[in-house]
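S.K.: Chains C and X, in that order, are what the protein sequence lines are.
Using the numbering used here, the first residue of the first sequence is number 1, and each one after it goes up by one.
Using the numbering used here, the first residue of the second sequence is number 1, and each one after it goes up by one.
Honestly, the hints are just simulated from the structure, not real lab data.
Possibly wrong hints are sitting among the right ones.
When chains are identical, the list treats them as one kind, so a pair holds in a single copy or across two.
Calculated cross-link-like contacts (lysine-lysine; reagent style DSBU-like; alpha-carbon spacing at most 35 Å) [claimed, not checked]:
hint, residue 1, residue 2
1, 154, 369
2, 238, 207
3, 154, 328
4, 347, 170
5, 186, 207
6, 369, 238
2 protein chains.
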Amino acid sequence: MSFASKLLVDIHTHVYLPRYTALLRSRTSVPFIRTTSTPEGTPEDRLLILDHEPSGGRPVGAQYWDREEKLKFMDKHGIDVSIVSTANPWLDFLPAPQAQALAFELNEDLEQYCSTAPSPTSHKIKRLYGFGLLPLVPEITTSALVDIVHQIGKLPHLRGLIMGTRGIGKGLDDEALDPVWAAIEKAGLVVFLHPHYGVDVNAWGDKDNGHVLPLALGFPFETTTAATRLILSGIFDKFPSLRLLLAHSGGALPVLSSRLASCIDHDPIVASRLKHDARYYLGKLYLDAVAYGPEELGFASDVISRAHRYKTTSSVVKGAADRSIGSKRMLFGTDHPFFPPLSSTEKWKSVTENLEAIEAVQGWNQEDKDAVRGGNAVSLFKLENSDGPEIL
Amino acid sequence: MSFASKLLVDIHTHVYLPRYTALLRSRTSVPFIRTTSTPEGTPEDRLLILDHEPSGGRPVGAQYWDREEKLKFMDKHGIDVSIVSTANPWLDFLPAPQAQALAFELNEDLEQYCSTAPSPTSHKIKRLYGFGLLPLVPEITTSALVDIVHQIGKLPHLRGLIMGTRGIGKGLDDEALDPVWAAIEKAGLVVFLHPHYGVDVNAWGDKDNGHVLPLALGFPFETTTAATRLILSGIFDKFPSLRLLLAHSGGALPVLSSRLASCIDHDPIVASRLKHDARYYLGKLYLDAVAYGPEELGFASDVISRAHRYKTTSSVVKGAADRSIGSKRMLFGTDHPFFPPLSSTEKWKSVTENLEAIEAVQGWNQEDKDAVRGGNAVSLFKLENSDGPEIL
């Protein structure tokens, strides 16, 4: 067993780079950071990123922007490597020229954030890698997007890119993005699909449930919708080598995938568009292991494991699929610096419960669990290759 | 083993009673039925029930209102007993006085629909039972609602009531409904929670995906949101004997329940309101087995099975829960007459795949599967008791 196969790699961990944080501080409408006072009179930075932010936003501090805090967090939790991404809402709110310029700069910043970090001495894998950003905003040109894909592909510590669900205004199932997907596929970059907007806030009612409903439900609903629309658009028929990583274990997509297949079966327009049963395409996905429970992880793994059985049929396939198959496409993550502990503790519960959940999955052997904790990330992001992903 | 434990009981099967159909035909805005012509010139009834109905609505025929068609469908699929409910959108669109009067009449109609059906001769269980309706509309009085609960409780073939998610305008987590829940709990009636509105249509984008997105995703998102809001409102702490049956296997709630628990953990206002970890309350639910896949059913069963472990902890519990526990709260359903076959076939695929899915669940023994197919319904709806549910 190689050294790398025992690493703990966090693939869902966010940063607001200093350049981005300065932008948020300069703004007075969402998204922005404002400095207020606690009831005790202590100055406090609060982050507001949603139009209907509950609880007056959330307190933020150095863990959102300071690399030292990221490394301390990693040390505390035994995380060897982090693949860091800008947190939502990325560049969604900017006019195209500003978004394009800032994407370029932030990608360079993130490369530097990673490349200048202290590295473990015993092997060539660094401590920090990154997901770059695209200026996915209305009125951007396809060629500008493709240029940024090429920029990311050449930055050696950037191994993928993170994106929200709005594309250039019409969602990710917009054919105008086909050249972008083609460039991403060709560059061998991993797309980390992450939510921001949730669903219409009227769904949550008028009771004070804090951030619970938009975070627990709205986020996964948004990811589920975007990934489903991509599947319905035939993206995996068009770009079979595209590597799409879904946040929060794919949200509700795994549990709704047989229902989705059934609904497609009853809608000839959609059925005739796709080469395979919807469940087949779930085997093309990668899922983070940020689901907080062992049953959830095991089930998501089953849905990936069964996918190949639906290549040529849309009838129920009997017999258990080997749960280990799915484990090869699931990857540990923490969602740091979100979900901080309410009181100072040695470790963050949001992190330890994701680790405990991986350890407790029934039907995953030790090798499978090691793969989910880090081995899969080492392969997917080609961390043993110092030049970045191979070009296809 | 008793005869009743081998019955096939369909607990998710809809009807538009003739009185309700006449109302839909009399209307010219959603919801309504209009008679149009097919491209070949044949007259065709089309049902439009959503504000942004895709594909000009769906063709409807006698299977939506004719009891003979329901019985023929049952015979064709070997269904012994159906517990029939009015399909969405129920009475949601009516002014309070009309909704109240019509609820009363439709409940009497449904009792007659059931009581006058031919009955198998060899035992006292009838072929048809029903879920009644409440006039859950704005400006209805609580006492009017409670009166209708009492009406349903006294009608011997009605064993529960179906409801959407809007309550009397502010959702089901509205404290104004507390007396209604109390009356339902006392009457021993099962609440069948069923979606209608989905989520804001902007989520679906502008591609023509027919009914796929609102049905495959929007419906379960709505049920998930309503059930989660009920859990957050503390309904199961207030009404511990309330029997709540969720459509479509609870939608996304099972797969998001550990995420929900984690989000609650990080939001003290909500956490302090509830007596238990969110996952505990899932053990209070009943779920239909309308998920179209064996892995989905098995997972939903796991989530119910593990629930009792979270009574006193919110930390990850290791070790497999006995999947049989959950099987006792899952019940076969068909969603008839929706999802008809595209061409005439001996059996409906939407029905056979739900039966095949039950048969293929790993870790359910023969007794568990029989329970899901019918035994659970016999107990939950007290079908061997000719007078209806026992009063608590």
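S.K.: For every hint, state whether the structure bears it out.
M.R.: Status of each hint after checking the structure:
no. : hint      : verdict
1   : 154 - 369 : within (32 Å within a copy, 56 Å between copies)
2   : 238 - 207 : between (44 Å within a copy, 17 Å between copies)
3   : 154 - 328 : within (27 Å within a copy, 56 Å between copies)
4   : 347 - 170 : neither (41 Å within a copy, 40 Å between copies)
5   : 186 - 207 : between (48 Å within a copy, 26 Å between copies)
6   : 369 - 238 : within (32 Å within a copy, 41 Å between copies)
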